[in-house]
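Trainee: Dock chain B against the given chain A, drawing on the hints supplied.
Going line by line, the protein sequences match chains A and B. All you need for my numbering is the position in the first sequence, starting with 1, plus 38. All you need for my numbering is the position in the second sequence, starting with 1, plus 45.
Just to be clear, a hint being listed does not mean it is correct.
[To be verified] With a Cα cut of at most 35 Å, we get these calculated DSBU-like pairs of lysine-lysine:
#, chain 1, residue 1, chain 2, residue 2
1, B, 205, A, 483
2, A, 483, B, 170
3, B, 230, A, 463
4, B, 114, A, 432
5, B, 167, A, 483
6, B, 230, B, 167
7, A, 200, B, 114
8, B, 205, A, 520
9, A, 514, B, 171
10, A, 384, B, 167
11, B, 205, A, 516
12, B, 256, A, 334
13, B, 230, A, 329
14, A, 513, B, 205
15, A, 483, B, 230
16, A, 463, B, 167
17, A, 484, B, 205
Keep in mind that the hints were calculated from the coordinates and are not lab data.
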Amino acid sequence: MKKVIIAIVSVLCFVQVSAQGRFSVEVPGVVAMGERFRLVFTAIDLPHETFTPPKIQNFHVLAGPTTSTMNRMEYINGRRTQSRSVSYTYILEAYEPGSFTIGEASVVSDNVTYKTRPVVVEVIQGADKPAEERTKEQATTTEITDDDVFLRLSVNKKRVVKGEPLTATLTLYTRVNVAGAEDIKFPEFNGFWSQEVYSPQQIEWQRENVKGEIYQKATLRSYVLLPQQTGEIRIDPSEIVCVIQVRSARRGQSLLDDFFDTYQTVRKRVISPSVTISVRDLPSGAPPSFKGAVGKYSLQTYLGRDSVRTHDAVSMYVTIAGEGNINLLEAPAVQFPLDFEVYDPKITDDYKSSDGTFTGSKTFEYPVIPRSHGTFTINPVVFTYYDIHTGTYKTLRSTPMALEVARSTESNMYTGVYAPTHRRKVESLGEDIRYIRTTAPVWKKKGVYFTGSVYYYTILAALLSIAGILFSWLKKRKERKKDVVRVRNSKANKIARARLKTAGAHMKSQLFSAYYEELNRALWGYIADKLALSQAESSREKIEALLMERQVDEELIKKYTDLIASCEFARYAPDPGQTEKERIFEDAVAVISKMEQVLK
Amino acid sequence: MRKSAFLFILLTFSAFVAKASAVDSLWNNANALYAEAQYERALEGYLEIEQSGTESFDLYYNMGNTYYKMQQYAYAILYYEKALRLDPDHADALHNLTIVREQCIDRIEPIPQFFVTQWIRKSYKKLPPGTWSVFSLVLLALSLTFVLLFVYAGSIRLRKASFVLAVVVFFLAVTSGIFALQSKKEATREDIAIIKSVVSSVKSAPGAQGKDILVLHEGTKVRVLEEAGEWVRIELEDGRQGWLLLHEILFVY
Numbered sequence: 039m040k041k042v043i044i045a046i047v048s049v050l051c052f053v054q055v056s057a058q059g060r061f062s063v064e065v066p067g068v069v070a071m072g073e074r075f076r077l078v079f080t081a082i083d084l085p086h087e088t089f090t091p092p093k094i095q096n097f098h099v100l101a102g103p104t105t106s107t108m109n110r111m112e113y114i115n116g117r118r119t120q121s122r123s124v125s126y127t128y129i130l131e132a133y134e135p136g137s138f139t140i141g142e143a144s145v146v147s148d149n150v151t152y153k154t155r156p157v158v159v160e161v162i163q164g165a166d167k168p169a170e171e172r173t174k175e176q177a178t179t180t181e182i183t184d185d186d187v188f189l190r191l192s193v194n195k196k197r198v199v200k201g202e203p204l205t206a207t208l209t210l211y212t213r214v215n216v217a218g219a220e221d222i223k224f225p226e227f228n229g230f231w232s233q234e235v236y237s238p239q240q241i242e243w244q245r246e247n248v249k250g251e252i253y254q255k256a257t258l259r260s261y262v263l264l265p266q267q268t269g270e271i272r273i274d275p276s277e278i279v280c281v282i283q284v285r286s287a288r289r290g291q292s293l294l295d296d297f298f299d300t301y302q303t304v305r306k307r308v309i310s311p312s313v314t315i316s317v318r319d320l321p322s323g324a325p326p327s328f329k330g331a332v333g334k335y336s337l338q339t340y341l342g343r344d345s346v347r348t349h350d351a352v353s354m355y356v357t358i359a360g361e362g363n364i365n366l367l368e369a370p371a372v373q374f375p376l377d378f379e380v381y382d383p384k385i386t387d388d389y390k391s392s393d394g395t396f397t398g399s400k401t402f403e404y405p406v407i408p409r410s411h412g413t414f415t416i417n418p419v420v421f422t423y424y425d426i427h428t429g430t431y432k433t434l435r436s437t438p439m440a441l442e443v444a445r446s447t448e449s450n451m452y453t454g455v456y457a458p459t460h461r462r463k464v465e466s467l468g469e470d471i472r473y474i475r476t477t478a479p480v481w482k483k484k485g486v487y488f489t490g491s492v493y494y495y496t497i498l499a500a501l502l503s504i505a506g507i508l509f510s511w512l513k514k515r516k517e518r519k520k521d522v523v524r525v526r527n528s529k530a531n532k533i534a535r536a537r538l539k540t541a542g543a544h545m546k547s548q549l550f551s552a553y554y555e556e557l558n559r560a561l562w563g564y565i566a567d568k569l570a571l572s573q574a575e576s577s578r579e580k581i582e583a584l585l586m587e588r589q590v591d592e593e594l595i596k597k598y599t600d601l602i603a604s605c606e607f608a609r610y611a612p613d614p615g616q617t618e619k620e621r622i623f624e625d626a627v628a629v630i631s632k633m634e635q636v637l638k
Numbered sequence: 046m047r048k049s050a051f052l053f054i055l056l057t058f059s060a061f062v063a064k065a066s067a068v069d070s071l072w073n074n075a076n077a078l079y080a081e082a083q084y085e086r087a088l089e090g091y092l093e094i095e096q097s098g099t100e101s102f103d104l105y106y107n108m109g110n111t112y113y114k115m116q117q118y119a120y121a122i123l124y125y126e127k128a129l130r131l132d133p134d135h136a137d138a139l140h141n142l143t144i145v146r147e148q149c150i151d152r153i154e155p156i157p158q159f160f161v162t163q164w165i166r167k168s169y170k171k172l173p174p175g176t177w178s179v180f181s182l183v184l185l186a187l188s189l190t191f192v193l194l195f196v197y198a199g200s201i202r203l204r205k206a207s208f209v210l211a212v213v214v215f216f217l218a219v220t221s222g223i224f225a226l227q228s229k230k231e232a233t234r235e236d237i238a239i240i241k242s243v244v245s246s247v248k249s250a251p252g253a254q255g256k257d258i259l260v261l262h263e264g265t266k267v268r269v270l271e272e273a274g275e276w277v278r279i280e281l282e283d284g285r286q287g288w289l290l291l292h293e294i295l296f297v298y
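So that you can see chain A by itself, here it is in the shape it has in the complex (with noise of 0.2 Å):
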């Protein structure tokens, strides 16, 4: 879709001239002694220029300066834009061999000085006819050796680190007619990441001094080379099939033969030498932060925005700009808030090849989504690179940089429906030693044990003594009680006897009262000194129940309770006679010596 005018008009004087100028200079490298060469000042875009010629010693100023003017303008999608060039032709002719310096020419163009850059031109003795000319002149013969045609594959450095970048270029040197090439094998890199930074659609031939003579030089390709392994790394040959025209010798030459030749073509199979680059490895101490960064570089980080709202998505960018092997970076690990959802990087290139290195940009882009509200601060992010020119490894860090989330207003969009919180599994994400202990200790000397120790023994035999002592004490102490029970038991007999008569001497001298309660007594007495019973603890239940115990035979038990009834009744009723009082007394003796049988 372009269309393209070109004319080559001087008067279209309406066309606004773009301001960026250029001047420059061109002139072949190498020339042989006695050649005749152009030299070529050229301005383009400078308007009302005056040429101030530059200063030319050793070579003879054969013809010049000559001036020419172009114009060109040219249509590209509708827009029009004009050029002029104006350039300056001198004829040269070498007359001594050496190295000569054309110094600088300048053109003022409103008021503006564009200078050249001084050039130098190689003169050459051995090679008396430039290359072209020499063709014609191998014509006698279609032999064609390895030094008229041949490959080179010529690198920046030989001695590298791993990662350190490269540039490799196959040239094709020629003295003779090459008319094409066949069968091309290109290098392969082995061991590298290799990448064509100049492939040129048509070859561009330009002279060059080699061991003294004159050859045609084209570049065919050029690589950057990323060494990813180390050691000597061989660069396999690559080859070319070049078609050659050569001018045939015939017999019987006639005439016409020096209007027309005749050309024969030759091919001629040529191989580069191997080249063998040295990959030294990296150097040992490498931070964790570094992965196979190699080159200068500088790191920039910026968040897309500085707040939002939970569950929206947000954007962290990281930029590493600089020269080295960019287009080899791996993403630096950041290390976002731990409830940040995150999102594998988007990666934006941005570099191009030049001397040999890659210089520009990479951008990862990370994408997260915060959870949770607050305030975050995204932890500097981490880059270390190999520093090519100083030998060590730099290590670049970000400032932290803060994150407002706020609280989603999306939450309760579901009307009426509950809407979960994002509840997750609380997952551990390292594990770790446990951390001191800092509370002041109980110190104890070194090799001390409790256990078994004096003071062990000490306690346990405090102890046993302690439970002997309480032991042999209490054992006294009932010894002691059960001798007051056994002097009770055996009086118990004598002491009822004496109350029983003193209860008889009562009824004799009658009275009556005393009487009953002597007799009371003694029953009391009797059986509470038997039973080993308090005065308090008796009573007529616990007799019974303790007769009982004792196997007693429940009608004496009865015969028993039923005369002290009778003789507590009897204290507090009227006299019931001297017969009456007779009988309870023998019932009284009867009872007791019973009792006594059955008790001891």
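Mentor: Quick look at chain B alone, frame taken from chain A:
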């Protein structure tokens, strides 16, 4: 109960406690250095405490942590083992020991023990020896009380109950006493060692004529069976035996 054991020790070694304030300041300094990740300096402080003849579970535990942070795993294991001798069932020390062991190369399957033995070992490792001892004394006192009750109690029921209790508690007292002694025996064993050198070859006989039979790595626990000059005969937890140079191991005591 454990507190009371400590209290007892505290009282018993009261003269020793007087020195404690200096040790405490060393302890606090070392802890502060550890918090600042200055592990070498923190370790110096801990070592000074250890050399003064003082010990505690916490000291050994912190030293284990410090060595772990310095990536000296053999020493880390050594000090966790020491800490566990003073408190055999401490969860933190056991946890950290598991983590350090993850860093070690040798995986040794111990010979499985009879389950009763295993159960008994597990039981007496539940408490430090001192606590077991205090337990045994308290239980003995209780048992004696029940005996007295049994002999002199008035009612038959009370006497029956106290007889049963006295027997049970006495049995428990004796068990704790045995556990205490066993636990102490375990804590004062002098035949357990940790491999110190990163790689060490175990030979079939002491000296140069021995054939290499095993290769052990840093942090492996071994039992030392005998010593002969600069060589020691060791046994692994799986029962394999061999000879090692004495300077390649660290004794846990």
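Trainee: None of the hints should be skipped; say for each whether it holds.
Mentor: Against the structure, the hints come out as follows:
Proximity of residue 205/B to residue 483/A is assessed by CA-CA distance (about 46 Å); at most 35 Å being required, the pair is judged violated. Using a Cα cut-off of 35 Å, the hinted pair residue 483/A and residue 170/B holds, with the two alpha carbons roughly 21 Å apart. Simply put, residue 230/B and residue 463/A have alpha-carbon atoms about 45 Å apart, too far for the 35 Å limit, and the pair is violated. Our distance criterion of 35 Å between C-alpha atoms is met by residue 114/B and residue 432/A, whose separation comes to about 25 Å.
Between the alpha carbons of residue 167/B and residue 483/A the distance comes to roughly 26 Å, so the proposed pair stays at or under 35 Å and holds. At most 35 Å may separate the alpha-carbon atoms for a hinted pair to count; residue 230/B and residue 167/B meet this at roughly 15 Å. Straight-line distance between C-alpha atoms of residue 200/A and residue 114/B comes to about 33 Å, which keeps the hinted pair within the 35 Å bound. As the CA atoms of residue 205/B and residue 520/A are separated by approximately 23 Å, the hinted pair is consistent with the 35 Å bound.
For the suggested pair residue 514/A and residue 171/B, the alpha carbons sit about 44 Å apart, so the restraint of at most 35 Å is broken. For a cut-off of 35 Å, the pair hint linking residue 384/A to residue 167/B is broken: about 56 Å separates their Cα positions. Among the hinted pairs, residue 205/B with residue 516/A is consistent with the structure: their alpha-carbon atoms are about 19 Å apart, no more than 35 Å. Taking the CA atoms of residue 256/B and residue 334/A, the gap is near 55 Å; set against the 35 Å cutoff, the hint is violated.
A threshold of 35 Å between alpha carbons decides the hint, and for residue 230/B with residue 329/A the separation of about 54 Å lies outside it, so the pair is violated. This hinted pair checks out: residue 513/A and residue 205/B have alpha carbons roughly 19 Å apart, not beyond 35 Å. For the hint linking residue 483/A to residue 230/B, the alpha-carbon distance of about 17 Å falls within 35 Å, and the restraint holds. At roughly 33 Å between alpha-carbon atoms, residue 463/A and residue 167/B fall within 35 Å of each other, so this suggested pair holds.
Straight-line distance between C-alpha atoms of residue 484/A and residue 205/B comes to about 46 Å, which puts the hinted pair past the 35 Å bound.
Hints 1, 3, 9, 10, 12, 13, 17, counting from the list given before, are not met by this structure.
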